[in-house]
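Chemist: Make one complex out of these two single chains by using the hints.
For reference, the chains in residue letters:
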Amino acid sequence: MSQISDRPDSASKPVPENAVAARNVSKNYGDVEALRDLSLDFPRGQLTSLLGPSGCGKTTLLKIIAGLLEPSSGEILVNGELVDGPGPDRAFVFQDFALLPWASVIRNVAFGLELRGVAKSEREAIAERYIKDVGLAGFENSFPHELSGGMRQRVGLARALSVDAQVLLMDEPFSAVDEQTRRKFQEDLLNLVANENKTFIFVTHSIEEAVYVSDQIAILLPRPSRVSEIIRPSGIRGKGADSIRRDPEYLDIVDRIWASLRSYVE
Amino acid sequence: MTGYRSLFLKVLSAVLVFGAWEIAGRIPVSYSFPTFLDTMSALVALTLDGTMLRAYAETLQPLAVGISISAVFGIGIGLWVGLSARFDWLFSPIFIVMQAAPLAALIPLLVMAYGVGLTSKVFVVCIMAMPVIVLNTGGAVRNTPSSLQEMGRSFLAREDQILLKVIIPAASPVIFSGLRLGISAGFIGAILAELKITPTGVGDIITYSRSIADYPSMYAAIFSIILFAVLFLNLVERLENVLFKGNDRGYVSD
Numbered sequence: 001m002s003q004i005s006d007r008p009d010s011a012s013k014p015v016p017e018n019a020v021a022a023r024n025v026s027k028n029y030g031d032v033e034a035l036r037d038l039s040l041d042f043p044r045g046q047l048t049s050l051l052g053p054s055g056c057g058k059t060t061l062l063k064i065i066a067g068l069l070e071p072s073s074g075e076i077l078v079n080g081e082l083v084d085g086p087g088p089d090r091a092f093v094f095q096d097f098a099l100l101p102w103a104s105v106i107r108n109v110a111f112g113l114e115l116r117g118v119a120k121s122e123r124e125a126i127a128e129r130y131i132k133d134v135g136l137a138g139f140e141n142s143f144p145h146e147l148s149g150g151m152r153q154r155v156g157l158a159r160a161l162s163v164d165a166q167v168l169l170m171d172e173p174f175s176a177v178d179e180q181t182r183r184k185f186q187e188d189l190l191n192l193v194a195n196e197n198k199t200f201i202f203v204t205h206s207i208e209e210a211v212y213v214s215d216q217i218a219i220l221l222p223r224p225s226r227v228s229e230i231i232r233p234s235g236i237r238g239k240g241a242d243s244i245r246r247d248p249e250y251l252d253i254v255d256r257i258w259a260s261l262r263s264y265v266e
Numbered sequence: 001m002t003g004y005r006s007l008f009l010k011v012l013s014a015v016l017v018f019g020a021w022e023i024a025g026r027i028p029v030s031y032s033f034p035t036f037l038d039t040m041s042a043l044v045a046l047t048l049d050g051t052m053l054r055a056y057a058e059t060l061q062p063l064a065v066g067i068s069i070s071a072v073f074g075i076g077i078g079l080w081v082g083l084s085a086r087f088d089w090l091f092s093p094i095f096i097v098m099q100a101a102p103l104a105a106l107i108p109l110l111v112m113a114y115g116v117g118l119t120s121k122v123f124v125v126c127i128m129a130m131p132v133i134v135l136n137t138g139g140a141v142r143n144t145p146s147s148l149q150e151m152g153r154s155f156l157a158r159e160d161q162i163l164l165k166v167i168i169p170a171a172s173p174v175i176f177s178g179l180r181l182g183i184s185a186g187f188i189g190a191i192l193a194e195l196k197i198t199p200t201g202v203g204d205i206i207t208y209s210r211s212i213a214d215y216p217s218m219y220a221a222i223f224s225i226i227l228f229a230v231l232f233l234n235l236v237e238r239l240e241n242v243l244f245k246g247n248d249r250g251y252v253s254d
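Going line by line, the protein sequences match chains Z and V. Residue numbering for the first sequence follows my numbering, beginning at 1 and increasing consecutively. Residue numbering for the second sequence follows my numbering, beginning at 1 and increasing consecutively.
Think of the hints as simulated: they come from the structure by calculation, not from any bench. Every residue gets a Cβ at the ideal spot worked out from N, C-alpha and C, and that includes glycine. Possibly wrong hints are sitting among the right ones.
Here are the simulated lysine-lysine pairs, BS3-like style, with alpha carbons at most 30 Å apart [said to hold, decoys possible]:
id, chain 1, residue 1, chain 2, residue 2
1, Z, LYS120, V, LYS245
2, Z, LYS132, V, LYS10
3, Z, LYS239, Z, LYS184
4, V, LYS165, Z, LYS120
5, V, LYS165, V, LYS245
6, V, LYS165, Z, LYS132
7, Z, LYS184, Z, LYS132
8, V, LYS165, Z, LYS63
9, V, LYS165, Z, LYS198
10, Z, LYS184, Z, LYS63
Estimated spans, in silico, between C-beta atoms of each pair [said to hold, decoys possible]:
id, chain 1, residue 1, chain 2, residue 2, range
11, V, ILE226, Z, ARG116, 47 to 55 Å
12, V, SER147, Z, ARG116, 28 to 36 Å
13, Z, ASN24, V, PRO145, 26 to 34 Å
14, V, LEU83, Z, SER234, 48 to 56 Å
15, V, LEU83, Z, GLY138, 37 to 45 Å
16, Z, GLU187, V, GLN99, 55 to 63 Å
So here's chain V without its partners, still in its complex pose (with noise of 0.2 Å):
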């Protein structure tokens, strides 16, 4: 019963979202602003005449090694951080800075120093992407209930096991939800690397046919990008329930 009440919340919110789009491109709210039935069969324009698929093939090529490489190594990073003291004092101070920093400004730093190629644009994707893996992760390695470890420590688990059946799961909701922030922003990331070191992809349509006027295509596109990150962490998100499954029936809360 649940399940259809959500998917009809669900469908639901979507029809108004659309329909107040579409009332809005048809006053219109601006000359460059295109309804959704124009966007929408843009969009179908665009897949059906290859330029989608061609698009996203680059697209994805950043987006996925940089991805990866901030999931694995943000929280590898992030459970030694939340683990030593030391190690914390030493790198999160990294990594509130690259949080922190004015990414459009720098980006003529990394293509002075990596060039206009795709190096360049894994940054954007890692900078963008990692501080909050690191961080969250960090945070929630850190806060573990004490007792917990205490609890293991006592029914003789060695290091590795608590930090494989108590640290890890007790924190993973935490990781999790700092990978979802970092996926999301990940794909910020790989767009403005398309728009401000060399247009590719995805951000080459968006470029092109705001030049040319185009604005259903260029909205197809931005729609594209954002359909595409929510199902990617729709999967994040079922991978979470698999990996641990107690994770969705709730917390202890006293």
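If we strip away everything but chain Z, and leave its shape as in the complex, we get (with noise of 0.2 Å):
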């Protein structure tokens, strides 16, 4: 596809093990302290989750790698290259979807390429495709209020793939979505993760969620935010979807995650 051809050519250069590192990452709002020298790697072409009560600073790290936010101090590396802004190798999925209302789904869906000036026939064709791909196929000219939650963030997934960026992040994407809904886009987020060749960061507060999607889960605990505790669940992942919530390593994990977050929710 066109949009990647005018990107400088990486291949020369090393390509580190961890599509994205946070190096000592600290973010203050005022007095109040979000982050505190936080240091996390997040491995190529695997799903980490960020999973931690609310007010653990995890919706901020992630807003921090996608260069919307910056740190107070302390560095976001990309591939090896220092974050200052937002970039075409992240894509970002909103927790309340951020479609623009007046916009059909086929135009919200090429936003990210129309914004970068790619020809209207192109964009959507490559949207039109991410669209089938989500299963919307048929919705192209439908309008967001005129969908479902889940089919409102379908769009949003989409529009995040269309831009073609290596690394995906989602901030509680499916939070605002009905639990049926839900569970068929986690398994549809396994499919992802094993056909796309991109890094996903996916925020969460579900522990059933985070034990079920992700190659490595990073609890994060408040005042002051820190990472406690990296779990990576292997032994689970090469089960089908249909077997994981049933696998006794599967319901280890997610009791002894809640052992460890319980004392922090109030």
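Modeler: Given below as structure tokens:
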């Protein structure tokens, strides 16, 4: 696709193993310390969850990685390069979908490409493909208010996929959709991680969701925010989407995480 | 189907209002209150002998100039006020004072400064029309959902793209409602100027007809300016639907 080809060729440089790395990141809002000296690696091609009670700074960290917020100190490296703002290597999926209410599904999905100056016919062809991929074929000319919450988030996902970024940042993407849609989304996400060669960073407050979809779970604890533990549920990853929830290892990890989080939930 | 139904309701409400007017005129509620039919025949007479056309040629000058200035500068200043907190702090109070000022009492000051000609009348139209346009535009821009702006930035929008592709479309329904309110206030201003500064155009027909107790003609002039304003506002609504297609489609509420 043409929006990749005009990027500088990075093949000559050695590609670091971690797609994204946070190095000693701190963030203060006035006197409030949202993050303190946080370091975390995000392995390439895998899904890393940021899990923690509310107010632990997980969304703040995600927005710092996205370049939407500036850290008070520390740095973010994406493919070994310092982040100083949003970039073509990262795409964001928003908790509240952030769709343009006046624009059709296809224009919403193609919006990232429109901003990059991709010609209309080309960007709509790309958008159409991703609309089909997320299962919204036939809704190209619908408007967001005509779609259900789950369908709106599929539009948000298609928009993030269509700019073909290597890193997908997802901010509690399934928290505003109903339980059944959410389960379907989680299964789809597993397929997405397996089939697309992308790095996913996924913010959630659901322990089950984190264990179900993640290759690596970073547990963040508040006051001050820090990574308290990194869990890799590797034993359950190879198994089919249907059997994960019955796996003893899955249940053990869910219990273990709840045991370490429960004292922080008021 | 709904098109026919809404047309039917519009016609029905017009029949009810004009019917009530006709009855009130026939009772009569006041010697100086003509019936609907008398008013309409006066309107036809004024139109046929060219009086109305000459009147509008005069009234439209301050109205068109004033509304154009108010729309262009009002939306421009409003965007700026909405985007910059400092500019908001500097300019909003001026327009709040302008909106609250008792304009009729200030007209002698305007006449003293700018004379009895077109300039003063344009000023009156602007003072009536501009504050609501500026304040609505500024408020709408300030209230653009921050997640939409964040979305734009994360997908690499430049500042001008965020303004043109996110903020202005998001603010456009409120900008246009400000524009409609401003334009109706501008019409009031234009007539007020013709009644208070020098009697010209439609204001002259109103003043003159009243002085000779030709009430049907007086009400015909008032009726015509209201009709003209309503038609013009409908035109603005059409313009909005052409410029911002999604605006008539409702909003995602949650």
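Chemist: Looking back at the hints listed earlier, which ones does the structure fail to meet?
Modeler: 2, 12
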